[in-house]
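Colleague: With the hints as your guide, set chain B onto chain A.
Sequence lines, in order, name chains A and B. Heads up, the first sequence is in numbering that gives the first Met the number 0, so the first residue is 0 and it goes up one at a time. Heads up, the second sequence is in numbering that gives the first Met the number 0, so the first residue is 0 and it goes up one at a time.
Note that these hints are calculated values from the structure, not bench results. Please read these numbers as outputs of a predicted model, since none were measured by experiment. One or more hints might be untrue.
[Claimed, not checked] Derived pair list, reagent style SDA-like, types lysine to any residue, alpha-carbon separation capped at 20 Å: (1) Lys216(A) <-> Thr53(A); (2) Lys59(B) <-> Gln20(A); (3) Lys228(A) <-> Gln20(A); (4) Lys15(A) <-> Glu35(A); (5) Lys59(B) <-> Arg163(A); (6) Lys59(B) <-> Pro133(A); (7) Lys15(A) <-> Gln198(A); (8) Lys59(B) <-> Ser128(A).
[Said to hold, decoys possible] Quick list of the computed label-pair ranges, beta carbon to beta carbon: (9) Gln217(A) <-> Gln1(B): 24 to 34 Å; (10) Gln257(A) <-> Ala17(B): 49 to 59 Å; (11) Ile213(A) <-> Ala36(B): 47 to 57 Å; (12) His47(B) <-> Glu35(A): 42 to 52 Å; (13) Ala36(B) <-> Gln217(A): 52 to 62 Å; (14) Lys228(A) <-> Gln27(B): 28 to 38 Å.
Just so you know, even glycine gets a beta-carbon here, dropped at the ideal spot from N, CA and C.
For reference, the chains in residue letters:
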Amino acid sequence: MHSVEISAKTLEEARKAAAFQLGVSEDEIDVEILEEPRKILGVIGSGQYRIRATYMESKAEVITPAEETEAPDEEAPVAETLIAPPEAQPTAEPAPAAVSPPSPVTEQPDDPNSLVAERARQITEDIISLMGIPQRVTIANVSPEQVELTIEDDDEQVGLLIGRHGATLDALQLIVAIAANCGIQDGCRVILDAHDYRQRRADMLRDMAHSLAIQVKQTGREEVLTDLKSYERRIIHLELRDDPDVETYSAGEGRDRQLIIAPTSSPSYDS
Amino acid sequence: MQALVEYLVKAIVENPEAVTVTAVNQGQMTVYEVAVADDDIGRVIGRHGRTAEALRTILKTANRNRQGEVTIEILS
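Just chain A, same shape as in the assembly (with noise of 0.2 Å):
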């Protein structure tokens, strides 16, 4: 059981904080007010929202029932997996090289990513259905820089797969790219998401961003924002990069690396 306390000036910013701090979406916590600003004269005076915000288990690591957990005992079948399927190719150019399965995979020179999109949607079918999570899994866009892949969320079981704090669909993710690119030079990135788990996450992140701009504009003050991934950091240096009264940077190493918003005016160490 994970909880958090968070200060922020609103109810909905520290829900927004707590949810972010945590990892998860905020109708995953269950939030207790701790304290609340004092109202002088009918307006909000000093004094900050304080929140315990806490994880809720059950509803991202949903038990499944027992006969979900025999995955298939067949050999794993990697030589049929990693035959392209006809829809792959989207010249009527064979692409003879595709059907030994790890051998390098001749580039279409049209559209080389669709091979490896369809390449890394079977893979990731297979994968989670051997880990006894069978979900359909779609190709939602190829372009010549990054396919991206969409897990069906038909079903409550796509929590598990996304994990705590994203880390069993980022685990999926890094090996569904190593394997789509096997082979090939200068792969592509492979973006993996699931229940718009990404695009929720990253919505969130630039709300907070901001959200903590204005606090550190207001307070003078800098933020910390510690436990998120260089992606995630980078979303938020991006979003702030025009706001001329904050500066971002981060500083620590490894999991320790922290990212700072701080006032445009104050001394910064590095950035």
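Modeller: Chain B in isolation, oriented as in the chain A frame:
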């Protein structure tokens, strides 16, 4: 579980035919010992052990309502 580990490892290496996975019971813990071709060790471990950690995360999610703990060890 064994099939899952084999699938994951074979999917990310250059030499899938060299992959062997052995389940070893250590009390409550099942350790899947993964051996791969020398050239593939780096791929399976990844930068700062990220890939190996991702494999463990996936395995643990798959193992969620079974008895006992599971993990993966990369033999080198």
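Colleague: Hints first: check each against the structure and report whether it holds.
Modeller: Against the structure, the hints:
1. Only pairs whose Cα atoms come within 20 Å are accepted, and Lys216(A) paired with Thr53(A) is rejected, the gap being roughly 29 Å.
2. Under the criterion of a C-alpha separation no larger than 20 Å, the hint pairing Lys59(B) with Gln20(A) is inconsistent with the structure, at around 23 Å.
3. The straight-line distance between the Cα atoms of Lys228(A) and Gln20(A) is roughly 12 Å, inside the 20 Å bound, and the hint therefore holds.
4. Proximity of Lys15(A) to Glu35(A) is assessed by CA-CA distance (about 16 Å); at most 20 Å being required, the pair is judged to hold.
5. Of the supplied pair hints, the one linking Lys59(B) and Arg163(A) holds, its CA atoms being roughly 12 Å apart against a limit of 20 Å.
6. Distance check on the hinted pair: Lys59(B) and Pro133(A) sit about 16 Å apart at the alpha-carbon level, within 20 Å; holds.
7. Taking the CA atoms of Lys15(A) and Gln198(A), the gap is about 15 Å. The hint holds against a cut of 20 Å.
8. Distance check on the hinted pair: Lys59(B) and Ser128(A) sit about 14 Å apart at the alpha-carbon level, within 20 Å; holds.
9. In this structure the hint that Gln217(A) and Gln1(B) lie 24 to 34 Å apart at CB is violated, the actual value being about 57 Å.
10. Judged by the Cβ atoms, the range 49 to 59 Å given for Gln257(A) and Ala17(B) is violated: they are separated by roughly 42 Å.
11. The given range of 47 to 57 Å is respected by Ile213(A) and Ala36(B), whose C-beta atoms sit roughly 55 Å from each other.
12. Distance hint check for His47(B) and Glu35(A): the Cβ-Cβ separation is about 44 Å, which falls inside the suggested range of 42 to 52 Å.
13. The supplied range of 52 to 62 Å is met by Ala36(B) and Gln217(A), whose beta-carbon atoms lie about 59 Å from each other.
14. Checking the proposed 28 to 38 Å range against Lys228(A) and Gln27(B) shows it holds: the Cβ atoms sit about 31 Å from each other.
Checked against the numbered hints above, the structure breaks hints 1, 2, 9 and 10 and satisfies the rest.
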